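Trainee: In case you want the letters, here they are:
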Amino acid sequence: MVFILGVNFPERNLVKKSLETFFGIGHNTSSRLLSRFYINPTCKVGELANKQVLDITAALSDMKIENDLRRQNLDDIKRLKETGAYRGRRHALGLPVRGQRTRTQIKTAVKLNRMERRL
Amino acid sequence: MASAFCRSCLSRLPRASLLPPPTVPRTTTTATAAAATAGFHTSAAHYANPTKKSNSLDSGPKYRQAKSAKMKRKKPVERTRPPPIGERKALRNRIVLGNPNALEPTDMQNISVENMGDPRVRGSVVGLPVSMLEQLRSVHAFKKSQGWGLFRRPATFMRKEALEMGRLFEKISGEEQGKVVKKVITGKVGSGKSVFLTQAMAMGFLKNWVVFTVPETQELVNAHTGYAPLDDANPGLYVQNQATSQLLQRTFKANEKVLSGLKVSQEHPALKSLVKPGMTLAQLTGLGIKDQAVAWPIFQALWAELTSTSAPRPPVLVTVDGLSHWMQNSKYRTADFKPIHAHDLVFVRHFLSLLKPGVNGNSTLPNGGLLLYATSGSNSPRIYSFDVALKQLEATTSGINPKSPEFPQVDAYQSPDPRVIEAFTAPQPTSAKEGKLELQPLSGLTPEDTVGYMEFWAKSGLIRQYMNFRWVSQLWTKSSGGIIGELHRLAGRLRVPQRT
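Quick mapping for you: the protein sequence lines, in order, are chains A and B.
Numbering-wise, the UniProt record's numbering puts 18 at position 18 of the first sequence, and it's gapless, one number per residue.
Numbering-wise, the UniProt record's numbering puts 458 at position 458 of the second sequence, and it's gapless, one number per residue.
Worth double-checking, as some hints may not be accurate.
Unchecked claim - Simulated crosslink set (PhoX-like; lysine-lysine; CA at most 20 Å straight-line):
hint, chain 1, residue 1, chain 2, residue 2
1, A, Lys-16, A, Lys-51
2, A, Lys-111, B, Lys-72
3, B, Lys-188, B, Lys-459
4, A, Lys-17, A, Lys-81
5, B, Lys-253, B, Lys-263
6, B, Lys-391, B, Lys-188
7, B, Lys-207, B, Lys-253
8, B, Lys-207, B, Lys-143
9, A, Lys-16, B, Lys-338
10, A, Lys-107, B, Lys-188
11, A, Lys-44, B, Lys-356
12, B, Lys-253, A, Lys-17
13, B, Lys-356, B, Lys-338
14, A, Lys-64, A, Lys-78
15, A, Lys-16, B, Lys-263
16, B, Lys-89, B, Lys-144
17, A, Lys-64, A, Lys-81
18, A, Lys-44, B, Lys-331
19, B, Lys-436, B, Lys-403
20, A, Lys-81, A, Lys-111
21, B, Lys-253, B, Lys-290
Hints are computed from structural coordinates only; laboratory data are not their basis.
Since the model is a prediction, treat every value here as computed from it, not as a measurement.
Okay, chain A solo, but in the shape it has when bound:
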């Protein structure tokens, strides 16, 4: 088990997939992170050198990921609501924001858009 940014990953997992478990890191960011520290994409967590683990953790702690990113997301929506923008109103009403039709298929908006949105 190897700790990366306080999360424990089993050694057999791919480093790339492990990085992508963090909110805010996808294929592109993880690939770029790996190449920054000269880690090949098929590298397993167990094969990382100590220094590489520390480097990755340091790089991740500088990035806006996980709760910081979620909070920023909420702040952005809050700003829209407070300025009374159309998008803010749609968020508050639980309706789609980007001009979709509302006759059918708005489950995501119903689920997510509400006055007090969850983190």
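Once you've looked at the hints, dock chain B against the given chain A.
Mentor: Coordinates of chain B only, in the frame set by chain A:
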């Protein structure tokens, strides 16, 4: 019209029962059928519970509600434990080298120092000595698709080119010591390029040469092994420690006998603390296998030792299979996410630099040797620059002047890779013993050779019919002119013997 009241109990009949009876012929045998079509009421129908409301799903979708459609959760599938790590790969890469059900041809010779250049063995199949199989396995000389598991024991066919190579081995080990021959081997799918390399390895082991092999070029560029920048002095170059360590391991296992007879003769400033005077080259190689971090410096030291002229050293055989993977960008990335060209990996760069002539009148291999770099017919990316480079090499091999109009030129609109073209355009070697890079195409067997090859099949008991010239000639034609892989495929098919 019928009354609205029941005559027996005076209860009001339902409206439906007042309708004329249905036209369906009544059967009195079953009570239920009678009740369903009865013209009079039954109290059961009257007092039945009102029908239940149908499920909310049936009444159409509900919009603007979080739970408008419930999905049924699938039951988790029970999984068995996966096999241990490495087992599946081992099973996939397992190579069977023998078939106890096949017969062993009684007159089959083994390849040996005496017969490897003997024109009398041309057109026959020679066995690989059993004592050498472990060495050949350790340099990955056998591939899975080559059908070794069909015959009693591993054996290869001696074609014209193989005999010429055998004579070359004899010359380099004998009268023309220090000679270097460099060849790029091309040919269609199944024309026997990889087995040609296997034969070269076998001959190298027989002559006590040091054999270096790169059995899969793809493995070095598909980003499946670790990489790191070489050092600060050489920006833009990358080292692959794990792959280098594996190369050292292959070399050590296959050449242990030769390497343990040779001693370190030079100083290696990069490895001061590790290399001790009087160490054998086998011990030196072992250091790189043990510690991957020093694998590359150890490989360089080993190469420097083998190419030094201060002590007697054996000739070197280098084989590379599937050259085209090295002629494009690798899957590795630089720190700023740019692709790394395969030629910037020091491992690849080293083996490609051998194709160039040595500088300052020195030979690339001062103790002599053979470089055989084969292309692959099946697993090779299509690279325009490499195709042109091979055409140009073919032209120079056949003696066409590069300035003449027949010489194949690069089409600038195809965006050729100058590094690839440059890798194969070698100037005239300055050393007299060093040969220029040549192209050796492998084509099909001659019809006479095909007879010899099919006789081996018959003697192994693998053909269920009488072998005659007509049948062999049919096979030769069907295999597009004796392409040996096709011959193998056609002859190996199950046939029903013809009744005459």
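Trainee: Verify the proposed pairing of A/Lys-44 with B/Lys-331, using a straight-line Cα cut of 20 Å.
Mentor: Measuring from Cα to Cα gives roughly 17 Å; hence the hint holds.
Trainee: Holds or violated: A/Lys-44 with B/Lys-356, Cα cutoff 20 Å?
Mentor: Status violated; Cα separation ~38 Å.
Trainee: Do the alpha carbons of B/Lys-436 and B/Lys-403 lie within 20 Å of each other, as the hint requires?
Mentor: Between B/Lys-436 and B/Lys-403 the Cα gap is close to 18 Å, so the pair holds against 20 Å.
Trainee: Does the alpha-carbon distance linking A/Lys-17 and A/Lys-81 stay inside the 20 Å limit?
Mentor: 36 Å, violated
Trainee: Does the structure keep B/Lys-188 and B/Lys-459 at a Cα separation of 20 Å or less?
Mentor: 28 Å, violated
Trainee: Within a Cα-Cα threshold of 20 Å, do B/Lys-207 and B/Lys-253 meet the stated pairing?
Mentor: 17 Å, holds
Trainee: Is the hinted pair A/Lys-111 and B/Lys-72 satisfied, with a Cα-Cα distance of at most 20 Å?
Mentor: 18 Å, holds
Trainee: Checking one constraint from the list: CA of B/Lys-253 to CA of A/Lys-17, max 20 Å. Satisfied?
Mentor: 36 Å, violated
Trainee: Under the criterion that the straight-line Cα-Cα distance not exceed 20 Å, is the pair B/Lys-253, B/Lys-263 satisfied?
Mentor: Status holds; Cα separation ~17 Å.
Trainee: With the threshold set at 20 Å, check whether the alpha-carbon distance from B/Lys-207 to B/Lys-143 stays at or below it.
Mentor: 23 Å, violated
Trainee: If you draw a straight line from the CA of A/Lys-64 to the CA of A/Lys-78, is it 20 Å or shorter?
Mentor: Holds, at roughly 19 Å.
Trainee: Hinted pair, alpha-carbon criterion (20 Å max): A/Lys-16, A/Lys-51. Please report holds or violated.
Mentor: 17 Å, holds
Checked against the numbered hints above, the structure breaks hints 3, 4, 8, 10, 11, 12, 13, 15, 17 and satisfies the rest.
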